[in-house]
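J.: Sequence:
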Amino acid sequence: MKWLILIVLTSTILACSKSKPASESSQETVSYSEQYRPQFHFSPAKNWTNDPNGLVYYEGEYHIFFQYNPYGTVWGHMSWGHAVSKDLLHWEQLPVALSEYQDRITGDSTMIFSGTVVVDKNNSSGLCSGPECMVAIYTSHVHKNGEGILQHQSLAYSNDKGRTWMSYDKNPVLSIDRKDFRDPKIFWDNDRTQWVMLAVIPDKFTVQFYKSTNLKEWSLMSEFSDPQNTSTKIWECPDLYQIPVANEPGKMKWVLSLSRNGPAHSYSEMLGYIGEYDGTRFTASNAFAIDKGKDYYAGITVNNMPKEDGRTVMIAWANNWAYGNLIPTAPWRGAMAFPRELTLRNVQHGDTKQIQLFMNPIKELESLRGKELTNFDSIDTRHFELEAIVNTAKIDDLVVGLLKAEGKNIVEYNVAEGKVFFNRTDIGVFSSNKDY
449 MKWLILIVLT STILACSKSK PASESSQETV SYSEQYRPQF HFSPAKNWTN DPNGLVYYEG
509 EYHIFFQYNP YGTVWGHMSW GHAVSKDLLH WEQLPVALSE YQDRITGDST MIFSGTVVVD
569 KNNSSGLCSG PECMVAIYTS HVHKNGEGIL QHQSLAYSND KGRTWMSYDK NPVLSIDRKD
629 FRDPKIFWDN DRTQWVMLAV IPDKFTVQFY KSTNLKEWSL MSEFSDPQNT STKIWECPDL
689 YQIPVANEPG KMKWVLSLSR NGPAHSYSEM LGYIGEYDGT RFTASNAFAI DKGKDYYAGI
749 TVNNMPKEDG RTVMIAWANN WAYGNLIPTA PWRGAMAFPR ELTLRNVQHG DTKQIQLFMN
809 PIKELESLRG KELTNFDSID TRHFELEAIV NTAKIDDLVV GLLKAEGKNI VEYNVAEGKV
869 FFNRTDIGVF SSNKDY
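Using my numbering, the first residue of the sequence shown is number 449, and each one after it goes up by one.
Honestly, the hints are just simulated from the structure, not real lab data.
Hints should not be assumed to be uniformly reliable.
Pairs of lysine to aspartate or glutamate, DMTMM-like flavour, derived with a Cα cap of 20 Å [stated by the list, open to error]:
no., residue 1, residue 2
1, Lys627, Asp651
2, Lys755, Asp617
3, Lys701, Glu665
4, Lys701, Asp743
5, Lys681, Asp739
6, Lys618, Glu717
7, Lys699, Glu756
8, Lys811, Glu833
9, Lys494, Glu482
10, Lys701, Asp674
11, Lys867, Asp739
12, Lys664, Asp568
13, Lys569, Asp556
14, Lys699, Glu671
15, Lys569, Glu509
16, Lys811, Asp757
17, Lys659, Glu671
18, Lys569, Glu507
19, Lys592, Asp556
20, Lys755, Glu789
21, Lys664, Glu580
22, Lys618, Glu671
23, Lys681, Asp743
24, Lys652, Glu717
25, Lys569, Glu756
26, Lys811, Asp726
27, Lys534, Glu482
28, Lys664, Glu696
Simulated restraints on C-beta separations [to be verified]:
no., residue 1, residue 2, range
29, Arg611, Leu774, 28 to 36 Å
30, Pro809, Asn607, 51 to 59 Å
31, Ala737, Asn662, 20 to 28 Å
32, Pro779, Pro809, 23 to 31 Å
For each residue, glycine too, the CB sits at the ideal point set by N, CA and C.
Taking the hints into account, I'd like the entire structure generated from these sequences.
T.: This is the structure we're talking about:
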């Protein structure tokens, strides 16, 4: 081993990372000391959450909207929860932004499924009270007696930085009369001065591309599917973003990412394609797994990142549909993965090179660093950052044991395979669940 460094993340910083629901009085705070409560990843104060929605930066705030059940700790009554942050680390939970509602005539209930928030900078929608406003486009999931009837895309808008939302009076803005048609992700195509929407037909393993000039009227441009796809897992939560190739100045590539969920909510995962987008159609050159762990799903990128920032940042749900409703947490269930910066690099593989996606924790994490240790055998802390440089010429493998007080939680670096493994089979927390 060349060197090993451990940085203790201080409790005073952790105390600042509490999420405080706006509905609570100023005298009340979330304890943040519940068993299994994440200390760095966003989690709601209580109740169920899954997919992140509407990630957007606007006027000094990062917004995260998220699939949320205001009434319980399992999936249901899907609405949009809401939280804001100045640094992607410390979140303030706000009241529910978009709530499930019932049609007064038909009696059908409509849940608020996944979608996007954009900043309509030129008031192209005509819905802004000033020169710009926030616009949300989401899947309205119409259902009765627990059965889905129809999914289409609807619009809401906010003129007060996302604190209150008005429903567009001519919803839906896009419908193809299908039971399953969802998860719109929208971005502004500056080269062609138009809005672009990606939405999926899940059971047809298809991403559709639409265009609009006003966010209210959409026309189909193209479709993307993978002829090599042999999986029966439905497609969800698409996203498209352009990233520079770090070691080839001036070169840019497009990445299409999506999530796949197995039959009966079995093992779920994220998939990505690197390719080209010509303003109408996406053409893929290679496919890859976005994350090879079990708990990274429905990841989408943050819209309207500051120009001087230049990063592509993704947040995903840190859970899996195979056991998401069962994880032993209370009074909340579900959390978001730590925000990651996405980069591309051209990597040598034998005689050929291939562009690959890399992910790293955002740089803001460094602000949580406290005491640095370089000589230690063991420490008594639950919150730390571990960095290691390994001289692979001198050792055959490296095993680092973590959280030994709670069981045998093992991280293993296999030098021969060049892979890192995390084995949670025997950690004693939730190991009775075979999928976990």
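J.: All hints are to be evaluated individually against the structure, with a verdict given for each.
T.: Now for the hints, and whether the structure bears them out:
1. Lys627 x Asp651: Distance of about 10 Å is within 20 Å: holds.
2. Lys755 x Asp617: Violated - the C-alpha atoms of Asp617 and Lys755 are around 33 Å apart, more than 20 Å.
3. Lys701 x Glu665: Between Lys701 and Glu665 the Cα gap is close to 29 Å, so the pair fails against 20 Å, i.e. violated.
4. Lys701 x Asp743: Roughly 26 Å between the alpha carbons, so the hint for Lys701 and Asp743 is violated.
5. Lys681 x Asp739: With a Cα-Cα distance of about 16 Å, the restraint between Lys681 and Asp739 holds, given a limit of 20 Å.
6. Lys618 x Glu717: The hint is violated at about 35 Å.
7. Lys699 x Glu756: holds (19 Å)
8. Lys811 x Glu833: holds (13 Å)
9. Lys494 x Glu482: holds (11 Å)
10. Lys701 x Asp674: holds (18 Å)
11. Lys867 x Asp739: Holds, at about 13 Å.
12. Lys664 x Asp568: Answer holds: Lys664 to Asp568 is near 12 Å, not above 20 Å.
13. Lys569 x Asp556: violated (35 Å)
14. Lys699 x Glu671: Judged against 20 Å, a Cα distance of about 25 Å means the pair is violated.
15. Lys569 x Glu509: Roughly 16 Å separates the two Cα atoms, so the pair holds.
16. Lys811 x Asp757: holds (12 Å)
17. Lys659 x Glu671: Holds: Lys659 and Glu671 sit about 12 Å apart, inside 20 Å.
18. Lys569 x Glu507: holds (12 Å)
19. Lys592 x Asp556: Given that 20 Å is the threshold and the Cα spacing comes to 5 Å, the pair holds.
20. Lys755 x Glu789: holds (15 Å)
21. Lys664 x Glu580: Since the Cα atoms of Lys664 and Glu580 sit roughly 15 Å apart, the hinted pair holds (cutoff 20 Å).
22. Lys618 x Glu671: violated (26 Å)
23. Lys681 x Asp743: holds (16 Å)
24. Lys652 x Glu717: It holds: about 17 Å lies between the C-alpha atoms, which stays within 20 Å.
25. Lys569 x Glu756: Roughly 17 Å between the alpha carbons, so the hint for Lys569 and Glu756 holds.
26. Lys811 x Asp726: The given pair, whose Cα atoms are some 32 Å apart, is violated under the 20 Å limit.
27. Lys534 x Glu482: It is violated: about 25 Å lies between the C-alpha atoms, which goes past 20 Å.
28. Lys664 x Glu696: Between Lys664 and Glu696 the Cα gap is close to 39 Å, so the pair fails against 20 Å, i.e. violated.
29. Arg611 x Leu774: 28 to 36 Å: holds (34 Å)
30. Pro809 x Asn607: 51 to 59 Å: Violated, since Pro809 and Asn607 (Cβ atoms, about 34 Å apart) do not stay within the stated range.
31. Ala737 x Asn662: 20 to 28 Å: violated (37 Å)
32. Pro779 x Pro809: 23 to 31 Å: Holds - the Cβ-Cβ distance for Pro779 and Pro809, about 27 Å, lies within 23 to 31 Å.
In summary, the numbered hints that this structure violates are 2, 3, 4, 6, 13, 14, 22, 26, 27, 28, 30, 31.
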